Structure formats: structure tokens, C-alpha cells
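Chain D is fixed; fit chain F with the ligands onto it per the hints.
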Amino acid sequence: MYMKINDLYFKYENSAVDNLKNINIEIDKGEIIGVLGESGCGKSTLLRIIAGLEIPYKGKIIINDKIIFNKKIFIEPEKRGIGMVFQDYALFPHMNIDKNITFGLKNFSRKEKREILDNMIELVGLKDHLGKYPYQLSGGQQQRVAVARALAPNPSILLLDEPFSNLDSHLKDQIRMDMKEILNKSKTTCIFVTHDKEDVLSLSSRIIIISDGVIKDDYSVEKMVDII
Amino acid sequence: MKQKNNIFLMLTSIIIAIMLIPLIDIIGELLSKPSENWEHIKEYLLLDYISDTILVTIPSMILALIIGVSLAWFISVYDFPFRNLLKWGLILPLAIPPYIGAYTYSGIVSYTGFIQTFLRNTLNIEANPKFFDIFSINGSVFIFTIFLYPYIYMIVRSYISNNSASIIENARLLGEKGTGIFFRIFLPISRGAIVAGTSLVMLEILSDYGVVSYFGVQTFSSAIFSSWFNFSDTNSAVRLSGILLLVVFIIITFEKLLRGNKNFSQTNSKIRQIKRKQLGSKSSFFVYFFGLTVFFLGFILPVGQLIYWAFLSYKDVLNIDFLKLIFNSIFIAIVSTIFIVIASLIIGNSTRLSKKMTSKLYSKITLMGYSIPGAIISITVILFFVDLDNILNFFIKHIGIQNINFTFSLSIYMLIFGYFIRFLGVGYQAVESGYEKNGKKFYEASKILGKNDVKTFFLIDIPMLKNAIIASFALVFVDIIKELPLALILRPFNFNTLSTKVFNYANDEMIIEASIPSLFIIFVTIIVIIFLNNMGRKKKKNVYENK
Ligand SMILES: Nc1ncnc2c1ncn2[C@@H]1O[C@H](COP(=O)(O)OP(=O)(O)O)[C@@H](O)[C@H]1O
Ligand SMILES: [Mg+2]
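Chains as they are written, first to last, in our numbering: chain D, 143 to 370; chain F, 48 to 594.
No lab work stands behind these hints, which were simulated from the structure alone.
Since we're looking at a predicted model, the values are computed, not measured.
Every residue gets a Cβ at the ideal spot worked out from N, C-alpha and C, and that includes glycine.
Keep in mind that a hint or two might mislead.
[Stated by the list, open to error] In silico BS3-like cross-links for lysine-lysine, where the CA-CA straight-line distance does not exceed 25 Å:
1. F:487 - D:241
2. D:274 - F:403
3. D:153 - F:488
4. D:274 - F:513
5. F:487 - D:274
6. D:241 - F:488
7. F:403 - D:213
8. D:274 - F:484
9. D:274 - F:488
10. D:241 - F:502
11. F:502 - D:255
12. D:153 - F:403
13. D:221 - F:487
14. F:488 - D:248
15. F:322 - D:221
[Stated by the list, open to error] Part of the chain D face toward chain F, derived, beta carbon under 8 Å:
16. 182
17. 193
18. 220
19. 224
20. 226
21. 235
22. 250
23. 273
Extracted from the complex, chain D is given alone in its bound form (with noise of 0.2 Å):
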């Protein structure tokens, strides 16, 4: 098992009731995980606590063996080699492409980044675009962007926040086909989480769905189809 989320229970300082209950996910490697849900029903609460940005009041996150929370350990985001790419992007706006796919590598020489920059680029197809800056970009090509930043560090694992409501509707079958292929290319395991049942169906292998804060169905993308 890579990656494991156990019994995992979670409340806003100023919520009334649970916004998470009960979450239990295995992941296997390179697995590309789909979380279902209706708006507000706790999916990107879900990706900021696996990614450290939030803090569950009860429950266990394991990837690759290493305990990165439970009741004693909390291990800071900028430790758990996460990736991440948020719903609006983030990206750095006082930075041009370059500077933000590179601002996660830590210890490399200037021609080892120059190499990963390259790679990135290349990955997410952004080659005439090197030096430009975000507001520059449009949102599609800023998404990309996000994708590079977020893989450049080579993290263990990716999480998307609704991938695609940002982008017009008739552009996103083509950015959706691109962002499987970059994952299938970088075999990165990744969790997205979305409201968009199209989303899943295209992208993802496995799906998760959570409703109100509890996961209600578990199972493979062959058997989704089925049921639709």
C-alpha cells in the first residue's frame, strides 16, 4: 500500500458539525484517484489535509511507510513532499513561468534546474511560453504551468483541486486528454477531486465518492460505467 488515510475525522474551528467523518482511502502506486462530491461537501478540505494545510482532530496519513500525521506526528507541508495544484493555481504573480516551475527545487545546481525546467516544459508543452509571466498566460496555459510547478519537485504524491472549472467548457475534453497523458507520462500517483462526473469518466482509474463528508462509494472506473 503507498499511501493509506485512516479513520480520519475532521472540524472546522467554526463548524458545528463534522466536515470530514470516518475517512478511510488505501492508494496503491501510480494510481489516479477521482473524489466525487457535491460542492461543500469536503473535498478540497480532504486535499489540504493530506497536504498539511489543515489539521484533522482524530485519524492516520501514511505515504510510503512514513507516518506523515497521526495523533502525535504532525509533519509541516513544506516537509511532506506534496504536490499540489489549487482550484484558482496560485501561481507566484511577481514570478514569470520560469521562477515558479523551478521554486520548489531545493539543493540542485542552476544546470540540474535548468535541466528539470526543461523537462517540465516539455512535459506540459509550454516551450514558446519560457520567461512570460502568470497574467501573461491564459487559463488553460496557467494550469499547465501549476502542473509543472507542482511535479518539478518530484513529488510523492499529486493533488488536483477541480482541475478543470476554471476553463471553458469547450476547451476542456483537449485539456483533460493533456493532463492524462502528463500524468501517465510523469506516473506520478495522483488524488483529484472534483463535481464533475465527465472529469472522472476521462481521467481517472479509480473513483471515490463523498457526500456530506463521508465517502460513500469506492470502486474502479470500469464498474462507474457500469453503473451509469
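Leaving out everything else, chain F with the ligands in the frame of chain D:
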């Protein structure tokens, strides 16, 4: 988010502690036995202090309210010739600190001054000198009104133009008339902004020393100063401060209650202009006359007078000493401002990351200094520094070192410290609104990409806060250049700034000589106002917008 050893929170706690420690002296003094003089003050003077303070503050507040709100209303919803000119012109009286206004007007309305001479020689009217007796409560009210109304005008105008375009337009479509819109819509919507601006005006008045001391009005601030300076009566000064502080807290609490929890910092980004209505020629004339009169009295006339005096006095005033004065003012303003901006960045960073009560409290304490009258802060700071010297010297003698004698209480550090407490709130507010605008997502993204808090602070927060930092710096800088009471009490012996020099000249009956340093202060303030305003406009098409 959980923070284990948050260095920013630690630093913030230290800064807050440094701000609060001086209060110990004050509390000690309040609890100690009152001085004999205090009995005298209580018996014979306190009532005068209270009545003078009320008689100055309340009428000034009401008049500033009327002028500020009505002008904000005209400028926001109506169009008339030269509207833009008036729109900016009406802010300018803010560039003239009330004490400079007071000195200037005392000259303008004096028997040999511009107005009476004009009446006498040109119109052949021999005016009743009583009417022009500016050395009075009414004179103070005039000065405070005409130089402080822009606070209300600015806050209300920018709030209305940022927030109520559609509401006012809808009311118009529903057939509501001008006055109806004013009373039924404009006033209720902008209540919070009006309250915020008005309380600012009140706090400025309560904090003033230059105007009331010159006009011989006995408000609490001037009473605190005279107990301190003339009678060396620390205990009474502290007791008066305690009362004044109580009043300030009542005002602040009242303000909170009246305005709810809205924030009126002027950094709203999405702006849609109100479709302004063309005014008919008659009403245009009235608005124009009213606006121009205010602009004339609040800016043109006093500045004109100062410039005239500058021509009379520049030969005597412009010399090496004057350069030294400018240097002193700018030097101390820059040093204090740097401390303030750095502290603001640190406090802002720690309070935004934590939702805990303590950090809310920290934020409140940081903002507090600006509400506390300068006289009180200066006394607190002096008592603290004298104690500090005593303790340090006792300690150092104790360990056998004889030839060092700490005298922080005679040094420039005391003034810098006073400015720090007084204006940290101003700098912090600007920085905090920058943090708020950027939100937490960039910080979070940086953390996930492996950078700790400190690296994130330098790589992400500071560059992204550039505009807020500049604004913070500029605001604090001019406040310090203009500031009078703290500088008067806390400056080292023989150390003068532009503002203390203006004060000295004026109180030595040399108002003409005071004109050049006054103009310099006004000039710097105008530059900063223009600069900040341009920055605000540029922000609208800013590169940081992520779409
Ligand atoms: N910072 C917060 N404080 C309190 N409640 C929050 C906060 N963020 C989200 N919530 C609440 O938690 C629930 C789950 O939110 P979220 O995880 O963002 O949902 P989703 O991403 O599935 O739309 C919602 O009811 C939301 O209102
Ligand atoms: Mg969400």
C-alpha cells in the same frame, strides 16, 4: 494551520510586550497617592477641562460631519463643471496640520491681517474685533472643522463610490428624488464610513496640543502638558491622562457598536462608477459656491498667506540651521518608519495565519496606539525611559562598572520609541490590508513547495506586498513629519524638527518665520497624498490579478 515554533508569532509577542511594558509605570502612578496639586486640579480646574474639551470637540465634530458628508454626497452623485478639480481639492486641507492652520489664521484674522485690512481699506468696514477673536473656543472649532473635515469627506466618498453605485442608481430608477436618496439611502448605507471618519476627527482633536495651547483653550491634552511642563506634576498628568484615555475608549467602543464590523480601509478593488446626474445651473452654482468656499478657507487662503510670509522671511530663515531642521525631521521620520514597517510586516504575518484569540488581541493592541492622544503616549514613554535608565544604571553599578551611565531618556531613541507606539497602527493597517488582499493561497502554495515560513516571507509575501509596504511607509512618514506633541516632549535637548520649530516660532510671536518650515511640511504631505492616490489608481489594472 498549526504552527509549532512560529518565529513570527514569537517576534510579534515581543513587539507587543515592548508596547505594553511602559503601561506598568502609568498603572503604578494611578494607584499611588494623588499629589496635593491633584486635589487643587480636581477642585478648581477639572470642570473647566471637561467643559472646554466638550465645547471644542462636539461642535467641531458636528460641523466637520456636515461639511464632509454633504461634500462627499455632491461629489459622488452629481456632475457639474470642474467637479474633478473640486474632488481632489477638497482633500488638500488635510495636508495642513491644524496647528499650522491655527498659527496661519491667527495672522490672517489679526487686526493688521489680510481680512481686517481688506474690510477696512477696501470696503471701509470697521469690523468688531470680537468677531475675529480666534484665540478662543470658537476659533479652535473653526480650525478643527476646516482642517479635519477631509477625513470624513474622503472615507465617505470612497466608500460610496466603491459600494453603492447600483443601489443609488436603482433608487433613481424607482423615482426617488435627490433629497430622498440622500436621507433614505445615502446616509444609511454610508453610516459605517461616516462613523469611522467622525471618530477619526474626534481622536485627532483630543490628541491635539498645538491648536489649543496656542489659543489658550484648556482641553485635556493641554492640561496634561501644563501639569507636566509647568508644574512638573507627573502624578496629575497621569491622572488626567487616565480620564482622557477612558474617553477615548468610550469613543472607540461606541464607534465599533455604531458601525458594525465592516472595514473601511480604502483598498477596494472592483469599482464601478456611479452614473452621476448633471446638476441644473442654479444648484450647480450653490454646490460650487459651497465647495469652493471650503476649499478656499481650508487650503488656498492659508497656503497663500504662508507663501506671502515666506517671501517676507526667507532671508532670515533659509540657512544652514534650516537644512539641519529638514535633515532632522526626515532622518527621524525615516528611521522610525523603517522600524514601524518592519514590525507591521511581522505582526501582519503572524496575525493573518492564526485565527486564535491572542492574534486578534495582538492586532487590536497594535492598532490601539493611534487612538491614544500624543500627550499620554509621551508621558508614558518618558516615565518608562527614566525607569529604564535607573534600572540599567543600578544594575551596572552593582556589577562594578562605574564609568558608564545610561541616559536613554535624553536620547533620540525615546522619540523614535514614542513614534513607534503612536504610529505602528497606521503602518500596520496598510500592511494588513495588503495581506488580506493577497490572501493565504500564495503562502500555502509556497509552503507545499517546501519553503518554510521565513523563506516564504522573503520570497513571496514581501515582493507581493510591495504596494502595501510603500503605502504604509508613505502614510507613517507624513504622519511623523507633521506630528507635534510627541516631538515636543520626547526630543532630546536642542534637537528640533520642522514641527517643533514651527511651534517655537509661533509661540515666540514669530508666525511669519514659521511659514517656511510650515510650507515644507505641507509640501511633503501633498506629494505623498498625490503619490498614494496615483498608486491607488494604477492598482486597478494590476498584474497581480490572476485572471
Ligand atoms: N475555512 C473554513 N472554515 C469553516 N468552514 C469551512 C472552511 N472552509 C470550508 N468550510 C466548510 O466545510 C465544508 C467543506 O468545504 P470544502 O472542502 O471547501 O468543500 P468542497 O471543496 O467539496 O466544495 C463546507 O460546508 C464549507 O462551508
Ligand atoms: Mg472545493
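**Report entry** Violated constraints from the hint list, given by number and in increasing order
**Finding:** As far as the earlier hints go, 2, 15, 16, 22 and 23 are violated by this structure, in ascending order.
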